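Asks: One-letter residues, chain by chain:
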Amino acid sequence: MDQHETTRRDFLKAGLVTAAATALGSGIVKPVGLWAATPNIKGPIKIGYLTVLSGTLAGYGEFHKMGALMGVEEINAAGGIAGNKVELEIRDSTLAAPACIQNARYFVDSWGADFLAGVDSSGQALALAPVVGELDRVLMVTHAATEKLTEDEVFKKGIKQVFRICTPTYQDGNAAAFVAKDLPVNTWATINPKYEYGYTTWNMFKDTLGKLKPGVKFTAESWAPFGTTDFRPHINTIMDAKPEGLYSVVWAGELITLVKQAKQAGLFDKIKHVMFPVGAAMDVLEGLGPEMPDNIWISGRYFFLYPDSDRNKEFVARFHKRWNHYPAYVSETAYSTMYAFKKAVEAAGSKETGKVVDALAGMELDSPAGHRVFRKEDHQAMYEVPWGLTKADPKYPFKIMGKQIVIPAKEFFNRPPFEGPGTHPPFKDSK
Amino acid sequence: MNQYWKYFLMLGCLGALVGIGFVSGPFVLYLATRIMILCIFALGYNLLLGRTGLLSFGHAAFFAIGAYGLAITSIHISAHPLLGILIGVTAAALLSLCIGFFCVRHTEIYFAMLTLAFGMMVFALIWNLRSITGGDDGLYGISRTAISLGIVNIPIRKDYQFYYFVLLFFVASVFLIHRIYSSPFGLALAGIRENHIRAEFAGLSVKAYRLGVFTVSGAFAGLAGSLSALLESNVAPFSAHWSHSAEPVLVSLIGGLQTFSGPLVGSIVFVALREVLQRFTYNWMFWFGVLLLAIIIGFRGGIVGSISDAFRKYSRP
Amino acid sequence: MGESLLDVRMLNKAFGSIVTARDLNFSLCRGVITSIIGPNGAGKSTLINVLTGLLAADSGEIWFQGREVTREPIHRRVKLGLGRSFQVVNVFGNLTLFENLAIPVLALNRRAKGMIRSIAHLKEVREDVEMVLTQVGLIDEAYMVARSLSHGDQRLLEVAIALAAKPRLLFLDEPTAGMNPVERSRILETIRELSQTGEVTFAIVEHDMDIVFSLSDRVIALHKGKIIGDGSPDQIKMNPQVREVYLGEEVA
Amino acid sequence: MLQSLVHVCLAGISAGMFIWLVASGLTLVFGVLRVLNFAHGSFYMLGAYLCFAVLKAMGGNFWLGLLLGPLVVSMVGYVMERYLLRLVYHLELPYQLLLTFAMVLIFDDLVKMIWGAGSIGSPAVPGLSGSVSIAGREFPVYNLFIIAVGPLVALGLYGLLEKTWWGRIVRASASDREMALSIGVNVPLLYSGVFMFGAWLSAVGGALAVPYVGLLTTGMGEAIIISAFIVVVIGGLGSLKGAFLGSLIVGLLSSFGTRFMPMLDMFLTFGLMAAVLLWRPQGFFAEG
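So the sequence lines, in the order shown, correspond to chains A, B, C and D. Residue numbers for the first sequence follow our numbering, so the first one is 1 and each next one is one higher. Residue numbers for the second sequence follow our numbering, so the first one is 1001 and each next one is one higher. Residue numbers for the third sequence follow our numbering, so the first one is 2001 and each next one is one higher. Residue numbers for the fourth sequence follow our numbering, so the first one is 3001 and each next one is one higher.
It is worth saying that the hints were derived from the structure and are not from the lab. Quick caveat: nothing in here was measured; it's all calculated off a predicted structure. All C-beta atoms, glycine included, are put in the ideal place defined by N, C-alpha and C.
Computed, partial: chain B to chain C, Cβ under 8 Å: (1) ARG1198; (2) PHE1201; (3) ALA1202.
The shape of chain A in the complex, shown without the other chains (with noise of 0.2 Å):
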């Protein structure tokens, strides 16, 4: 049976049901509580989502969607937001940025969808944020993690409708460097996408663990670039330059190819420290399942094993329930992103932007990820992701983090205003 028409039935069943039991509850029930001081919050929420559900990153968007419908679901079965029904619209915007701004103006201008949320790409959102700052809706990016988008976009050019939920390339680059100078490693190389998130997440871990770990060299660089699916030339590179580290943001299906070639290179015999920073993507995990070798560093956007809170476990428990799926990182920031809405729509009193941008800014969130705080200058969601040692668990298929170690965000995220000393870790005040 077709997945789409299954969730999509089931989103359109769920959307009735939510909409006869508020044209029934609003005869009955009174608004109450918070709710009825609000009388500006008129008729549905509607949010439009971005992201991509064709060609071969298509799974991301199928996770977005789990998350996202989850989200909506709930929050409607509990009465919505503000006493309004939400309606979620879902539309393939592949990874190319004309597609992407086009459904967002549809979103707005056609369907009329008070927030705008997903994107999968950093070209994609660097693209769109001034059109949503023409548009004036709140996006809010849940799974592209370039830097530039909050330090340049929203801090430096003020486009304030932009917010992001998902950790950005400081967990990919600066957290591992974190992680790193700890290591008896004192000769990286690296693996990387040939492209703006290779480079840039490849820079900010030389950087930062040059000024953690003075004296470490960087000795091999090979550059993949999107779509490869043989990595074997680029194992010899790296196997020539006889490094004692690697470091790959590789990710989604290409990363499952690599380690499995890889691994038939005796790549993981010669080289003792791996990290991978988007290694603990679902995808990725139950990919590879035991293949994925032991003692390797990898961390993501979330990890649904952290952090060991009740709200995280039912989360992942309902998620499990639902769509027969541990949630992937980019579920887990869609469904956060329905809660961050209400609670700053409600917040807020109202849903005009304005108001909205103002209540998220600095809006603290409890959610399966943990303590979310979007922090004001750059509207970038300060959480923490663990990085981990794989090993396997009898519990799952799949290789899980064993070891653990959590870097506060605070002391790895740049810092506003980006520029000049004391922006960039490691800061003084931390240690």
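Place chains B, C and D on chain A using the hints.
Replies: Coordinates of chains B, C and D only, in the frame set by chain A:
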């Protein structure tokens, strides 16, 4: 009689286009602007494909150069949109002249493959020259500043203002390309398509004409690229990818290769179809493919070609 | 003989082991209708292809009106006045007759190169086209699509396209092939008339010996890439070598 | 340094053989049908997915999947040739390309509808999963297997085309369609046969690529088809010998390029393609 109808139809279309700017919501305006830009791209392209019979997979490169030309001008030199467009179009024309010089030695599949190779080399360059092009992030935040003409400043920032700005270029392009079709140059191109050996023996330098039309269509691709950079406020390397070159091919074939207005109708169908399909299904690619098959097999002369054939058949007996 | 138009010196052309021109030397003179004959595979069509530029010569020189054109591209030879028609119908099938002829007329007309002015507004072009159409008797079909003409009319159009390029020397490759007697006499009449004006000189490849001997002033017989006979029709009829390899076959 | 060179070569050869498996069918189809089939990459993807589906259904036997999956794909190829391509042979090049392009869209979404959008990890092939040490570095046995399979396919094709009656017919129609018709060859049947065989080859390529790449994704066909196009062009459109050597060159070029000229990557292969088209359009290896 026929002529009057044509003028009437043209005036009606023009009136409708002007009217859209007054009455439409912003999304329709945006789509209409996009369709007009695609029209410029496809009309120019069809000079090459439909008129001269050459299939190029490299025109995305010229589109991208036009867009990057405008973006780089606007970031580093001057945000004057007309200057950006001028530089974008000139750059695209020069590049197509250079690439065309090599490509017009061949025809058919060899020409298609050669343009594919050169186009992808441009794509690789754009992807790798990060300091100039911004790599895969592209260049973003291109602003639509007012056009200053000495004393008056014409704003194009708002959607409807920009719509009229593009409409102006659209009408000019349609007019220009229509003139090219009925000009000696245009006739020579048709002759080359029909029979290039005969054309050579009629005294035409076939290579020179092919290079000429390649450059002209490259310039129009560049114009479309510049306008699209202004519309979307960004430019990304995928605009140079070969799959983007397939867009004007699709549009021309949908509308009809051998007709002047084919690309116009094709652009509308292409953009509208995708937009409408997306409202009903996540599997829009599947249905788009099916409809394409139906058009290729059912309407061999494209939509315009088939309709006018049918009309002719109907009216004759 | 009159002034020489085309001079061929030591021309060679071969495809692998098949020689189609070996050390050919000859001249074609103004006002002299020359026929080139020879059995199938004698190299007649190849010779025209080399002389007009469709094929490159292996060695040797081609001079036209005192200019070497051996390496000139086709279109430049055409502009110098070296035209041809083809053995099979070779017209612009989907264009009207008017357009078919406008293409060569425009190619010659410097002022008619533009991209902006409509053809309909170029008066001198229309006059030239109409003149040629009248010459070949196709003026009434001017706005028909070439494909829809009868075979014979398409052959006429073929010659007309070549004429419209204002050639000084025109090669006709089997101009009467596939024509009915009426069409045939019309095209022969046209050739004679034009030849008499002295503006166009004809060189004809033809299989029909009646036509060859009635039309030509001079006949060149080719065999295996070599000239085996050259002279007036009567001389050729008497030439023993020609009789042996060519006429002999036919008689037998 | 020796170790490095040996492994760069090995990586290049194995990459080349993966491309060859796809390019061989593309070349064959182009040589006979004169149609450049964009959907050839879709057959590669379908081969991979169907092999995987059989493997799942039949208890994990890869070889059974390799046998059955591509057979199903060749049936798909038959349907496509018989009921769609045949309608456009007489049309111009753009129509043919567009038809196969539309098929790419359809196949991509069909695969997504049937198997879901996410990438699927695939298991290694039992018996070929280990590595052997060559010049002091591990090299996968599976890739050695592929390096052997490539030339075997080439030999098989050579034998088929040069030594069998069927092959002579194919070659005759490739060089002269009219002639083939006039000597009474059943051209429609021949076209269907060649197209099915090409689809089968591509599907085998897809099925064989999966254990090495390690996963299946929708859209996996698009990446390979462009490499295959490059190879077919470098080899001289329609020449199998050229395509085989072209595959080796492209594989080695990308391997050496990655190792020694990393910033050039795509530029190198497309540059080579343009150079061949400009100076030797009949292909690198054509005689004369």
